[in-house]
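**Q** For reference, the chains in residue letters:
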Amino acid sequence: MQSPPLHDPVRDLWVVPIRHHSPACAAQLERLIAAVNPAAIVVEGPCDFDPLIPLLCDPRTRAPVAVVALREAARDGATRRVASYFPFCAHSPELIALQAAASRGIPARFIDLPATARAMVDEDDAAQGRSLLGDERPFDVGDYVTALARELGCRDGNEVWDQVFETRLTDADWRGFFADVGQYCACIRAATDVVRIARDGTLVRETQMRALVAEVRAQVAGPIIVVVGGFHATALLAQGSGSAVKPEDTAGRCYLIRYGMRQLDAMAGYGAGLPMPGFYDRLWHARDSGGRALAVEIVTGFARHLRQSGGDAPSFPVVTGAIEQAERLAALRGRPFPARDDILDAIRSTFIKEEVVGDDAPLLVALRTWLTGAAIGEVPPGSGAPPLVDAVRARARALGFTVADGERRNRTLDIYRKDRHRAASRFCHAMVLIGADFAQRTAGPDFRNDAMLDRLFEIWDVCWSPLVEARLIELSEAADTLDEALAFALAHKLAALEAQGKGRSALAAIDLFAAACRAGLGKGGEAILQLVEAHVVEDPELHSVVSALADLVQVWRGRDILGITDTTVLDSLMATAWRRILVLLPELADCATEQVRAGLTALADLRGVIALARSCAAPLDLALFDEALARLAAADLDPLLAGGVLAFALIDGQGSPQALQGRLRGELASGHVDPAERLALLGGVIAVARELLWSLPEIIATLNDVIAGADEAQFVDLLPHLRLALMPLDPREVDRLGEDVAAMIGARPDHVSMLIAIPQAEMMANLALDRELAAVLDRDGVA
Amino acid sequence: MTPEPQSIRPPAEARYASELATLAAADRFPKPAGWRLSPRAVRTFLLGDPRQGIARKFYGDDPLVDRAIVSLMSQQGLMLVGEPGTAKSLLSELLAAAICGTSALVVQGSAGTTEDHIRYGWNYALLLSEGPSERALVPSPVLNAMRSGRIVRFEEVTRCPPEVQDALISILSEKALALPELGADAMASATPGFNVIATANLRDRGVHEMSSALKRRFNFETVHPIADPEFERELVLKQLAERLGPAGVTIKGEREVADVLVRTFQDLRTGRTAEGVSLNRPDAVMSTAEAVNVLHAAALEAVYLDNGTLSGAHIARQIQGVVLKDSPDDGKRLRAYVDHVVKERAGRSGAWKEFYQAARALRLG
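For the protein sequence lines, the chains are A and B, in the order given.
Taking the working numbering, the leading residue of the first sequence gets 1, the next gets one more, and so forth.
Taking the working numbering, the leading residue of the second sequence gets 1, the next gets one more, and so forth.
So the derived list for chain A, only partly shown, Cβ under 7 Å to chain B, looks like this:
no., residue
1, 324
2, 325
3, 328
4, 329
5, 332
6, 349
7, 350
8, 352
9, 353
10, 355
11, 356
I should point out that these hints are in silico values taken from the structure, not numbers from a laboratory.
Here a beta-carbon is modelled for each residue, glycine too, at the ideal position from N, C-alpha and C.
This is chain B alone, in the form it adopts within the complex (with noise of 0.2 Å):
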């Protein structure tokens, strides 16, 4: 599949194809049947290795990716569990990407999807007009992955009802799906290579519960938040280049910043300081994601707007719309931590300083 050029996010085997390509070719190990890659070359894929020009993809917690690739091997699914924002889609579309070439078979669930869209659906003109055929009948991602033995990805599972997101049991425990419209005995087979990855959240709001017999199916894997700061700076500060980089956008200042952004950050998702001061949690997610686009807002605030250098003030301003959104408490609880952590910190460094002064400014209720 070839992106469009204007694509603003091109997908991961387009935006990899260079290093897929090279490890494809280098690849000398044994392949499971319907896999492009093999379970090593897959994880170098997503755990990169310098000499051979792959960067690293998905940081935080390597033994979880071996035992996600082992887990696709098997006939159970995988599901990626965790807070929003601990890159569980990366995750997936990553593995879809290395294992089958395409990480495009998607359903995204939602309380919309209806078991049309893990099934099949139809061409209804084509049905009128010729009943029912191969030709009009539409698959859905899991009935196409089934057939050409590729990876389905099933994004936010927990959003959708109950009773559609058990359209996958059988589909998970037989790897077949009866097209009972297409003659008696018709049925879909899935083909060496098929497995489903979803990923759900199992604490946020408005989410469905999942039924035991559907997790029977599944290996769980737990993706958690980043739990080191230093580690999770860097990441922050990579993905900053890379959104910047091909505006053509440079900025200074930004390492300092970094720091004070994902310190913070890891305070209120733990509730406690790195001094052991302890907190009260924001209900907002505050995920390396969500850093990622406060520092993204900040420096283009910066470059944009002012000049050109990032400060703890840019920081300050675009923090409240991550913080404010889900609870009107949330306001309460980061004026608190300004009040009480920052304020201890606002000696130690002049970016401390800035975010304490525009945070101090801000309307926080």
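The shape of chain A in the complex, shown without the other chains (with noise of 0.2 Å):
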């Protein structure tokens, strides 16, 4: 296969073959650039972007950074707003060509369709961060780059990719160099699927910038360089035609943002880019030594990194043996000098002194995290990042977080003693909720749950990545400030919760009213109010209306902590949801068989709240429960419902112990068929308020003159359903059961439990049982 010629002399065109983020296409390029002394620079990348070169120039952008469109993708007849990036890093040859043309004082463009095209981003596929770079996959699978692996001796297209190429970072042949880029990238064209390439937007894009530079040429005087993926050179060459696109207004918005090498790294599964790119960036910062330093900085600089991270840190000779094994495994593979992969290798070789188990040892996962790298880039003051990002980001700098880098951190807060951490933490929950991935939470206090009371400290992972401004740029659109972002994010939520089957759940519309009072959500707390209450008074189920209480009743008791000093909107939700109680109550008298065990789950619970809204004081109307409560005692209840009901209003002080008795003597000797019916009523008692067991001796009193009246078969039968009834008791409350029976039919308490004597032979011979029993359950894997 021929290559691509790299100059076209009769348009004075040089269509320049890369690979994104190569440092030696960078290097030569510059090389390039100085030689052929453009008038012109034009580079692969959506044109709407050309508003941003400036900012891209700027002397204060320091890379990584990347171009962040959004727009509106249609799904499943909803819209929603997709983000995509387009990342540069500092070996990026497009942003060095974007570079050498503002120093140069010559104009730059960008020549692809719009980000917002619909070839540029494959509807199928419209997830978040999809990389703009288009795709890279050939260069690592593929026949041909197989093919060549194996002739070469390589495991894989990235290290054909090194030997070939990287490797020639300091080679002066310029032409030479791009000759080989643009021979291999047809080539791997060649071996492209044809259907692929005409269905996924290659020729289109093709087109586009067939057109611009056309364009451009007609503007232009003097030689014009168009720098493009090596897969796209040849078709550059062709003649342009037609009108290109030009950007809508309306379609999307664009901004620059700080990027990540973490980022950059995960850009390279979706097949745009080198992996590891803190590797290359070093290596590109090594072109002037030619390479050579490369292998002693980076093993060097991991052995530093081992041992500044509290790991087995290598000793001195290990660290030259890894030098040495580099450099000779570069010269058995025919490397001017050590590439990615015989370092790799050559600290695989000398620093792992053990069996590597499975497919990764974690001294070679924490050797690929540092060549990763965890830099971040910046970019100029100003440069048009919407406000909320610009809030968000001094608010997090004004409560101590670090935003400059991508690190990941741990953050403890204090958040009893000191005001400070406490903002600090409503400002982790907000970011949680607004779904930027800033902060997880990783322990402290549980209000909502009553849980982990004790903890006086909240601890949290904190990681200031770019993700979090792409998160926060794309809210941008309807937020200035993380208050009204995070009134946005709930109500979406709100909405959302409709979609997902929840659009009645007092619950899930509470859950989120918490979470939302825990990240301190101030004023906007009333714009949600609507929305939150509309969920509870159309909640037809009493149990979620009753978690959805003990929820609010929580964060009531919790409002100091929350910094909650307003309290109308909580005061009005917890009224909303009583009154919403208070009219399900009595309906529960209607319910279905299968949902009477609910109902007085529901009761029981209901209990407990009142009892916390008693002991907190919530401003709750008590009385209006006694009401409705008789309401559901008079009507003709399922006998496990009766009971709960019943214990409710005996505790309540509305029922009489007499009443309860009559009733339970009558359900335990009644004539039901099925002994659980007979002991239905018993059972609800004992899950609402099983204290009455202790201070009503009259239940004790009728359950022993219903089993003592029984004859053996009754018993048998009655047995296993009292069991059931009674197992909400702890072992402690059986033994005061077993103890009060007994002390009623005269026997002597301590006769209850008994020791029985075994003869040491059987017990031997049991406890050989046991083992054997063991060891089958083992063996069975069911111990």
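Both chains come to you apart, so use the hints to assemble them.
**A** Structure, rendered in structure tokens:
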């Protein structure tokens, strides 16, 4: 296969084939630009990014940075905002080209379709965080690359690329270099499925690029340099025709944001760019030393990193051994200096002194992470970042969070004693709620579930990755401050509950509200009050509303820590939920048989909520409850539910013990065929208020009478259901019940539990049997 | 060294004498001191080059071969670790044959290995008649390799008691061995080209720990089982042909059966089938080498006791000999595999069906 000519003398066009993020391409491009002395430079990249070129070339811009493009994507009938990224690192040939144009004072442009064009992002693949760099998978897979790897003795396409191109970083022959890149990419293209090329938008994009090149050609006299992915080089040499697609003003927006090495590496998963960008960054910086110092720098740097991170630091001989190994591997594989895989192999050989089990050793994982790097770029102040990004960044800084790099850190917050820490905690909660992946709580008191309240500190895992800013940019269309963003995200989530089938769930809505309270939702609370209330008043499930009220009372109880000074919204919501409960309570009488258990659980929970509300003086109008309960008690209820209601009424001071006793006796001795039905009432009583067993001796007496009157067969029938009804009791309560019954029937309480003497031989036999059984269970994996 | 004509398995340098000669003749790259071939030629010898008529001898991990060759050029010894049957010994034999022309300098480590096997012993008749002398000294393979600048192979290092292993430490760091019986200053110094390739099993039963001091003197390379089933099948078939060829035996139906065998081995080795079903892994080693043994035995049964066509039933009968070695529970694990996984596949092809039916009839405990 012929390599495409680098220069078209007729149009004085230099079509330079590159691979994204390749340091060698960047270095050779610098040489080419110096030699050609162009009148204009155009670069593959969405043409609606043109306004950002001055920012990209600003001296205060420090790579890695990315242009994030937002657009509306339609999916399943709904539109949602999708972000795609066009990343640049220090050694991106595209960035080198743009910077060279800026320093020479010549025009520079992007020539690809606008980022919002359909061909740029596959609609089927409307995943978040897509790369706009185009597909580079052919560099890693495909028959041509596989065959070449086999021929050269390389393990994959990446090693082939490193061996053939990255090692020529310092080679003065830029013509030869780009001729080879062109040929390599032409071969890859020739081996790529034609149908795929037609389908994935490649051809449409090339038409656009040709048209824009023609446009620039018409405007500028003198040589023009066209920097494109090698895949497109041949296509761009053809004459352009037709007019270019212009970016639409309303279609989307784009911003220059700080980007991180880790995200660059993750993008490699989408097939754009080289993996482990930290390595290539070092290669780029070692270009003046001819790459020879690279192995030394990386091996010693990694050893230092291990030492600093408290791992097993390698000794000096190991470090020198690794460097020597890398040099020798490079020599064996015919490379002028150790490439990426030589250095990785050398460290693997020398640092690890044990068997590598599975696919990976922890040390190799650490090495790859280190070579990926954690650096984050910088964009000039006021570089058009939306106000929300600036506001949140300023707030994070003021609260003592590091936003300068993408390192993961732990932050311990003393939320009870320090106001600033409380504010930081709220900030973290808010970031969680708006979906910016900034913070994760790893430990701390849980006010909502009333758990771990003895913990004094909250521990957060925080990381200001570029994706945080990207999410803020998405939200910036709707909000300028964090509070607004919070209210927006909350309203969005409330609306989304419908789609998740939780359209009328008080619990789900209050769950969100409680999260918003933890996030310090101030004035925004009023805005969403109606939305939340709408969910509460429509919820048909008593247990859901009861749980929601329990949440609200917990929030009320923790209101000082949560910093809620104005409780108007909270009060209003509690009142709404309470009213809804009073409406739903009498309706329990009509519930279907299979919902009786859930109703009983709701009753038991309700009792807990009322106790909690009393204990913390929550503003609930408890007087209304008696009325609702009386209405329920008057109805003809399922025995299980009736037991619960009777017990509830009794502890509420409404019913009489005699009424309960009479009903219980009637049920236990009733003519129900199924013994379960006879015991249902008792079960209901115990589920809601088991302390009645002790405070009302009549219950046990009634139970005792019934059992005493049963014959053997009846007792055996009754027994399992009796056990089921008494199941909520804990062992101490069971003992107490036994003693009470013993006292009642005149048995000596100490005879209730007796010691049965077993001969030693029998015990030994039993133990042996036990061991055998354990072995059988163990063998069958059910132990 | 000329192998005996009736030798069952001649050493690598004899088996591949012509390839080594071809490589030496064409070798234009620089050779490290004491090496017969350049590192690149050694690489070609192991990984093959059809243009020079060199066959590939080591499969599955080319970068490992590079690293091993380069380690042998350094001050460090080379330690090959990994599960049994992953061709560690083959790799060490091939490397030694290519680098120094002989793979015969071997210490075969065992519980009974003593320091004499690593340092030197004596011809006691001469010792008694002449006193300690160079003539009475019986050098170990290690001492031989040091003096002649060649590679010594130390098989199964971890089977030796730790105090015996440690005799290697000073040899590897000083590259010299004191011979005090021959005089106060008597010393055997290693000449260029000397190095040690050790193989070890770190997880097997009945092995010893290795001291950190010894570990530091080696570069470790883990040899993994072959992960690609297609590739393993080709390898197994190739080795079967090599074993059957000299006996003039031909066999039919081996491709399909090898596929069944390799998939079974891969499933049991990894504890997970290609379909994602998880299994109880047998304790027994399910290596490629064992797969070749099974296929070879099955082929012999088919040829000499049956109609000459290999079937799934033949390997089912042979496979129990591999699996039922270490633990009585392994039989149950194989039984479960047959009952669940093989049964599913029995509907797909004849070989799987034969395998299933024959395996059902086995007494697997």
